[in-house]
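The task is simple: from the sequences and hints, build the whole structure.
The residues making up each chain are set out below.
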Amino acid sequence: MDMLYNILIAPFLEIAKSPSFFAEVVIGGLMSGVMYSLVALGFVLIFKASGVFNFAQGVMVLFAALNFSGLLDAGLSIWLAFPLTVLIMVLLAWCIERLVLSKLVNQQDIILFMATIGIGYFLQGFGEFLWTGNVRKLDVGIPQDAWFFGDIMIQQSDVFAAVVAGILVIVLALFFQYTRIGRALRAVADDHQAAMTVGIPLRSIWLIVWSVAGFVALVAGIMWGSRVGVQFSLSVIALKALPVLILGGFTSVPGAIIGGLIIGVGEKVAEIYWGPLFGGAIEEWFAYILAMLFLFFRPQGLFGERIIERV
Amino acid sequence: MPRKKALPHAVVPDSVVAVKEDVVAVNRDEGSDPLIRISNIEVIYDHVILVIKGVSLEVHEGHIVALLGANGAGKTTTLKAVSNLLGTERGDVTKGTIELRGEKVEKMTPSDLVNRGVVQVMEGRHCFEHLTVEENLLVGAYTRRDGKAAIQTSMEKVYGYFPRLKERRKSQAGYTSGGEQQMLAIGRALMANPSVILLDEPSMGLAPQLVEDIFEIVKRLNQEQNVTFLLAEQNTVVALKYADYGYILENGRVVMDGDAASLAENEDVKEFYLGMGGGDKNFSNVKSYRRRKRWLA
Ligand SMILES: Nc1ncnc2c1ncn2[C@@H]1O[C@H](COP(=O)(O)OP(=O)(O)OP(=O)(O)O)[C@@H](O)[C@H]1O
Ligand SMILES: [Mg+2]
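For the protein sequence lines, the chains are A and B, in the order given.
Its first residue numbered 1, the first sequence is counted upward by one per residue in our numbering.
Its first residue numbered 1001, the second sequence is counted upward by one per residue in our numbering.
If you're looking for bench data, these hints aren't it; they were derived computationally from the structure.
We put the beta carbon where it would ideally sit given N, CA and C, even for glycine.
Treat the hints with care, as some may be off.
[Unchecked claim] If you want the footprint, here are the derived chain B segments under chain A, 3+ residues with CB under 8 Å:
# : stretch
1 : 1104-1115
2 : 1118-1124
3 : 1127-1134
4 : 1137-1149
[Said to hold, decoys possible] Cut-off 20 Å, straight-line C-alpha distance, at most; resulting in silico cross-link-like pairs (SDA-like, lysine to any residue):
#  : chain 1 : residue 1 : chain 2 : residue 2
5  : B       : 1148      : A       : 106
6  : B       : 1107      : A       : 201
7  : A       : 103       : B       : 1108
8  : A       : 103       : B       : 1047
9  : A       : 103       : B       : 1046
10 : B       : 1148      : A       : 178
11 : B       : 1170      : A       : 186
12 : B       : 1157      : B       : 1123
13 : B       : 1107      : B       : 1042
14 : B       : 1148      : A       : 203
15 : B       : 1107      : A       : 102
16 : A       : 103       : B       : 1107
17 : B       : 1166      : B       : 1193
18 : B       : 1107      : A       : 203
19 : A       : 103       : B       : 1090
20 : B       : 1107      : A       : 182
21 : B       : 1148      : A       : 180
22 : B       : 1170      : A       : 289
23 : B       : 1107      : A       : 106
24 : B       : 1107      : A       : 105
25 : B       : 1170      : A       : 180
26 : B       : 1148      : A       : 182
27 : B       : 1107      : A       : 204
28 : A       : 103       : B       : 1166
Set out below in structure tokens:
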């Protein structure tokens, strides 16, 4: 009885007692959720356009952040380091397309998946080889103060991250919806073969999506790196994108975003209000449990692409 | 339908041979090189499955050429060999050559071919389901570099041929009817300004009247826009009605060819493909026929 009370009633009483604290927890969760969304977004882009489940997406976040912070530490200004890192990510996309994807084209999905695991390990090693494995501080001048709304405290850095992520998502959405290339990308995502019949060169499309995914990884890496430092654990945090994808559906851009936010908020709230019951550190595994429940009840995810069926 | 599977192979009665020579003469008379020339190709899937066993055919500019045959005869495979789409299915042209205006296609990518005016409309339409009808058409113009205005003009032209598409232009393609999807697939191909359309089984799953409508438009496109067609069809009656020339494929071989009118008149074609065998349509006749063929072969 006590147990049930502790799980089902007590946390809500606590929430009701101090709604402003709850609001802070939720906002904090939303902000880390934004990060998950960005990584998941990179996944979805690649998965939709090439059917490749890119296990290396998390490491790409690390790799991008490593390059960026390494260039900064080498004395470059942000305005030089940023475009240079973008260039590196495009170059990386080009190498992946040239050296891996084009050689494995028409192989089974599982083989491509394994190849991305290989790419992940390579990138991790290569990044550390280039820039050493030390934790780097990353300071790009994101404001670090806090705002107060009544008694709710909001970190400016969190708001900044959310705004940047929001802009990125909107720009991507417009790009996909209204440009010639964006339309071609959606066409490829719908039907590879038909896209080939209208003359869309798949290889350049792949180059574009991997570049865009690299760019998204860079943005996520900068945001995250500024918060926790650029270090190996970035690629592990990025793995949280997996439950996000299960929640949101592997082919849905809005799903990736909403899924990320749900997981971000969910795990923070669970940690604060239910964590003590389980001895804390719920945050580490909460997302995976949630994802598993989803697999039981809604395997295509919240927004998983509806299979169009005419009646 | 299943009966078609049990067809005698490579029946080349005298009458057809005669027709064939006639047509060779006709082709020579035309004096021009064919737009597409397939010479004795072999296609193998997965490195082991031989499905096309030495097919040769020619498509002349301005013609509608029908590629006929039952399920599994190799029509789709032949079309995909021309458009270089076999790669995605682990198929390979292992022998022979395919030329487009005298140029070998083997080194070209599918998008090179679209740039040279060869566009395939795949069996089963393959519209981009989550794109609107209009977006589908715009994607069809992907390879074009002649600007928005020209693309807009082409779109109006497509809408002229298929008014139904204009009505539905804001709908997601996945929610349109089978007939609309077939129109869309053809319209999308037209957006590339093609000189040849490789049209695979346009009649599939459509009501007879709709099939006629589609073929009627194919004919108009052929005459008004000077689009050449190589079309694969199981519906021999309709295909021969609209085509100029036909090839009959069986088990990966061309067993007959001739101009459409003479094929439609041919007794064997009538019996096996047009289902008009008359009184002698029974099995024993077919069997003796097959025996005779073995003798001849
Ligand atoms: N990807 C593939 N891998 C292996 N075999 C294949 C493949 N595609 C087709 N085939 C085989 O090749 C043969 C010819 O098939 P194809 O699709 O070209 O026939 P078709 O004449 O178009 O038939 P239909 O009228 O049913 O469309 C068939 O026996 C088929 O099983
Ligand atoms: Mg076919």
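Hint check results:
1. 1104-1115: Holds: 6 residues of the stretch 1104-1115 of chain B have a Cβ under 8 Å from chain A.
2. 1118-1124: holds (count 4)
3. 1127-1134: Since three or more residues must qualify, the claim that chain A covers the stretch 1127-1134 of chain B holds, with 5 doing so at under 8 Å.
4. 1137-1149: Our answer is that it holds, as 5 residues pass the Cβ test (under 8 Å) against chain A, meeting three.
5. B/1148 / A/106: violated, 34 Å
6. B/1107 / A/201: holds, 14 Å
7. A/103 / B/1108: Satisfied, since the Cα-Cα distance of roughly 18 Å is no more than 20 Å.
8. A/103 / B/1047: Given pair residue 103 of chain A, residue 1047 of chain B holds - Cα atoms ~17 Å apart, limit 20 Å.
9. A/103 / B/1046: OK: residue 103 of chain A and residue 1046 of chain B at ~17 Å, within 20 Å.
10. B/1148 / A/178: Status holds; Cα separation ~14 Å.
11. B/1170 / A/186: holds, 16 Å
12. B/1157 / B/1123: Not OK: residue 1157 of chain B and residue 1123 of chain B at ~24 Å, beyond 20 Å, violated.
13. B/1107 / B/1042: holds, 17 Å
14. B/1148 / A/203: violated, 25 Å
15. B/1107 / A/102: holds, 16 Å
16. A/103 / B/1107: At roughly 17 Å apart (the allowed maximum being 20 Å), residue 1107 of chain B and residue 103 of chain A satisfy the hint.
17. B/1166 / B/1193: holds, 19 Å
18. B/1107 / A/203: OK: residue 1107 of chain B and residue 203 of chain A at ~16 Å, within 20 Å.
19. A/103 / B/1090: Given pair residue 103 of chain A, residue 1090 of chain B holds - Cα atoms ~13 Å apart, limit 20 Å.
20. B/1107 / A/182: violated, 28 Å
21. B/1148 / A/180: holds, 11 Å
22. B/1170 / A/289: Distance of about 41 Å is beyond 20 Å: violated.
23. B/1107 / A/106: holds, 18 Å
24. B/1107 / A/105: holds, 17 Å
25. B/1170 / A/180: holds, 17 Å
26. B/1148 / A/182: holds, 16 Å
27. B/1107 / A/204: Roughly 18 Å separates the two Cα atoms, so the pair holds.
28. A/103 / B/1166: violated, 42 Å
In summary, the structure is inconsistent with hints 5, 12, 14, 20, 22, 28 from the numbered list given earlier, while agreeing with the others.
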